[in-house]
Amino acid sequence: MTRTRLHACAIIAFLVGEWSRYVWGWRAVGAAAAVAGLALGWFAWCRDRRSICVTAASLACGIVAGTVWAAWQPAHPSAPPGARDVIAGEVQSVKVTHRRTEIILAVRREGEGAHPCHYQALVFVERGPRVDAGQWVEADGAFVASDRAPTAMDILSPLELFDGRIRVLHRAPSLGERVTSWMAARMEDVSPADEREPIHLALSMVFGDAQGSLPQGVSSDFLAAGVTHLLVASGSNVGFALDMAAIPWQRLFGRACSRQRRLVYGAYALCVVWGFALVCGFQLAVFRAACGATYSIAAGMCGRRVHGYTVLWSSAWMAGVLDPADLLTPSMLLSFYAAFAVCEADALWHRTCSGRWARAEEARASAAHWVRRTGASLARAFILTAVVDAYMVPVLWWMFRQWTPYGALSTAILEPTVEVLMPVIVLWSLMAGVAHAWPWPPIAWCAEGMSRVGCAAMSAVLWFVHLVASWHGSLRSLAPVPFAGACALVLGLVAVAHARVPQRRG
Amino acid sequence: MASSTRDMGGAEGAQDGAKPGQEALRFEDDAGWNVVERGGGPPVWTGEWMEAEAIGHHEGRASFFVRLRSSARYLRMVLLVGLAAGSAWFASRQVTMTTSALHSASPTSETQSAVVQTTEADAANTTALQVDVHGDVRHPGLVTLQEGARVRDAIRAAGGFLHAADAADVNQAALVWDGEEIDIPAATAVDAASQPQSGVQDLGLALAVASPSGHDVSRASRDGAGGRASKHALTAGQKININTADLETLETLPGVGPKRAAAILAYRQAHGPFPDLESLRHVKGIGEKTLAKWKDLITFGASGGGSSADRQAP
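Listed in order, the protein sequences are those of chains A and B. Our numbering numbers the first residue of the first sequence as 613 and each following residue consecutively. Our numbering numbers the first residue of the second sequence as 8 and each following residue consecutively.
Hints are computed from structural coordinates only; laboratory data are not their basis. The reader is advised that the hints may include incorrect statements.
No farther apart than 25 Å at their CA atoms in a straight line, the calculated lysine-lysine pairs in the BS3-like style are these [to be verified]:
#1 LYS246/B to LYS296/B
#2 LYS300/B to LYS246/B
#3 LYS296/B to LYS266/B
#4 LYS707/A to LYS266/B
#5 LYS246/B to LYS291/B
#6 LYS707/A to LYS296/B
#7 LYS266/B to LYS300/B
#8 LYS707/A to LYS246/B
#9 LYS246/B to LYS266/B
If you want the ones that stay clear, here's a sample from chain B, every Cβ over 12 Å from chain A, calculated [claimed, not checked]:
#10 VAL85
#11 GLY89
#12 TRP96
#13 PHE97
#14 ASP139
#15 LYS246
#16 ALA299
#17 ASP303
Beta carbons: idealized from backbone N, C-alpha and C, even for Gly.
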């Protein structure tokens, strides 16, 4: 067995052991151990002692880690269904139905003593104060036993049902909220025509829309155009933060060639990555991407380059160690799967057309070549996003029963645009901040100019998204698909991507 | 990256560029198709060179596999996207067929009724919402939406607004309920002179007509039986006490139909009187735009203490 496969095997064994012990207890550990036993039996059949040892040790470590987590922050309520209980946590989403409000709550405290815990609850509220995502609330009531058969998502990410009343807890805003609010206020100060929507859109593209500050119409337009990922802080945002941080470093200290410089630059990059994650409020996608970036940076500090799949595995392992309760929540699953889809699309692209397109990109710079090169880049982006979208279809179908046929097209156009706009947004917020701190007229004029440019660019993005969202059939509802069906479709796609055409010689 | 002689033509292109004396053949990775370069010579796709060899020695016999292999790189991308898009299209078509079956089925016979009931049961299992959208939309009628859908989705499913200006009068962010009736009013900015004052209009259109003074607002809407009836008009300066108004009085407010009036009443009964304009936002279907229109038309006298006519002079 190769070293890469051995590492993957070890990580899977660790995560299975930890997650099953933490979330579902010892009985699940027994089932996991039985499955692992099959794998160990296979290794024994192959006389691969190293794999047996590594897998068994990883599984044992995972079970120990899960036990520690379960003792520290239980993943299930301590009160039985029907008994009065008090839970507190952050509102994830709110859904108002005809008779009641349904709130998804990330529960972090439970009981009168406010013991730490870590699970999600669906709170049913008949009446009470209006709450929004991001607020902290306390719910007083009782857990309710569910009377329906658990679905695959219920098993992967258990959701406790709670019926009661809520009250809003007033907590000091987090660092990320304070930073984004301050930036939004400064950008509104220099905005000539009180344009809040473009400002919040710009900040959402950099830090994500965790506070739900964007109007519903804008969010639904992005959803229908298939570019919701642009409003969510994700791995690409972490990469952007690293790129931006590298600019002043290279200006001041040059490229990190020597080992000592690599180490210092690695420490600096790690600070940037986790600082960005802190400002983003440790949203799950950013957290996973930060884990992956940490591994890449660490490898870079050692002078090694790592493959995309290796980063994916390592980020899964780090996320599992640091936050096992959220390992298989919908957000984290989507993040992992999206990263996998990007790796697959990239690998498929390199297997298919890298030679031809590299030759096209080597062409000398002239107007005609520039136009061809831009067209080629757009076409490449479109093909890659089409493949990524194809991979995303089964998961989005299973989770949300939605399909956005124009998603690849709008992503291919908007993603490069947003990449270009990111530095503009950063410069815009910086200028607004400087203009606030030092109200010197030339600086204020520059800030106002940046504001005009930024608002115009964001308005253009909004217009384009609205245009795509208005096309017929931009957001299609799909018939429900079972988990097994979604898995089968994923396997089908992977099989198509990796199938070998039989070779016939001589 | 080294340039490659690979061409869409596959084996032929490789044959043209291949210089066997300069390249070292290497066969690795899953498919063994790597660019190999040695001694500054032009790199070739080794796999294709081997294919070219194969063609040279066994011309015609392996041509099918050679062609398949050379086009497989592109074919698999097309297949991948086609498989995903095709399955999603098929699933979306299933939803559409369920919806159209619901629309087309007329419960005149027992058999048809049974079909409709079965289909409805299926729809209920998939937590789909049936909403009746009419008024200023392109394709009025029943639309099927997913749970958690909003008015915007319903309008989009009904073909979108008939006139772009209609969007100004609708709170598109409101959540929709199963069985809800959504009436899209025509734009309020319609020129008063061009509109009939009697409120007679095309079937299903609710029209907001401005009086010659430009301040009064009256609203005409069809009644439940499909006929046309003009509602009470608010004369200049009159205001409605939102905490004492009954269903009919509430319907005289712009943008309020029977559903929304009932929602206001239900919320008032459940939560007590509305203290201010902002508190009305808690009622389902009422947003910023609606409140802006009501600002000068409603008052908030205490419940029970209002006038019997439910209308107060300013």
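Here is what the structure says about each hint:
Restraint check: the Cα-Cα separation between LYS246/B and LYS296/B comes to about 18 Å, which is no more than 25 Å; the hinted pair holds. In summary, the hint linking LYS300/B to LYS246/B is supported, as the alpha carbons are separated by about 12 Å, within the 25 Å threshold. A C-alpha spacing of about 18 Å is found between LYS296/B and LYS266/B, which places the hinted pair at or below 25 Å, so the restraint holds. Between LYS707/A and LYS266/B, the direct Cα distance comes to roughly 20 Å. Compliance with the 25 Å bound is thereby established for this hinted pair.
The suggested pairing of LYS246/B with LYS291/B holds, with an alpha-carbon distance near 22 Å, which does not exceed 25 Å. Our distance criterion of 25 Å between C-alpha atoms is met by LYS707/A and LYS296/B, whose separation comes to about 21 Å. Using a Cα cut-off of 25 Å, the hinted pair LYS266/B and LYS300/B holds, with the two alpha carbons roughly 18 Å apart. For the hint linking LYS707/A to LYS246/B, the alpha-carbon distance of about 33 Å lies beyond 25 Å, and the restraint is violated.
A C-alpha spacing of about 21 Å is found between LYS246/B and LYS266/B, which places the hinted pair at or below 25 Å, so the restraint holds. Non-interface status of VAL85/B relative to chain A is broken: a Cβ of that chain comes within 12 Å, the nearest being about 10 Å off. The Cβ of GLY89/B sits about 8 Å from the closest Cβ of chain A, inside the 12 Å cut-off, so the non-interface label is violated. Its beta-carbon lying about 8 Å from the closest one in chain A, TRP96/B breaks the requirement of being farther than 12 Å from that chain.
The claim that PHE97/B lies off the interface is violated: its Cβ sits roughly 9 Å from the closest Cβ of chain A, which falls inside the 12 Å cut-off. With a least CB separation of 16 Å from chain A, ASP139/B remains clear of the 12 Å interface cut-off, as annotated. Residue placement check: LYS246/B keeps its beta carbon more than 12 Å from all beta carbons of chain A (closest about 26 Å). At roughly 15 Å from the closest C-beta of chain A, the C-beta of ALA299/B stays outside 12 Å, upholding its exclusion from the interface.
With a least beta-carbon separation of about 23 Å from chain A, ASP303/B lies farther than 12 Å from that chain, consistent with its non-interface assignment.
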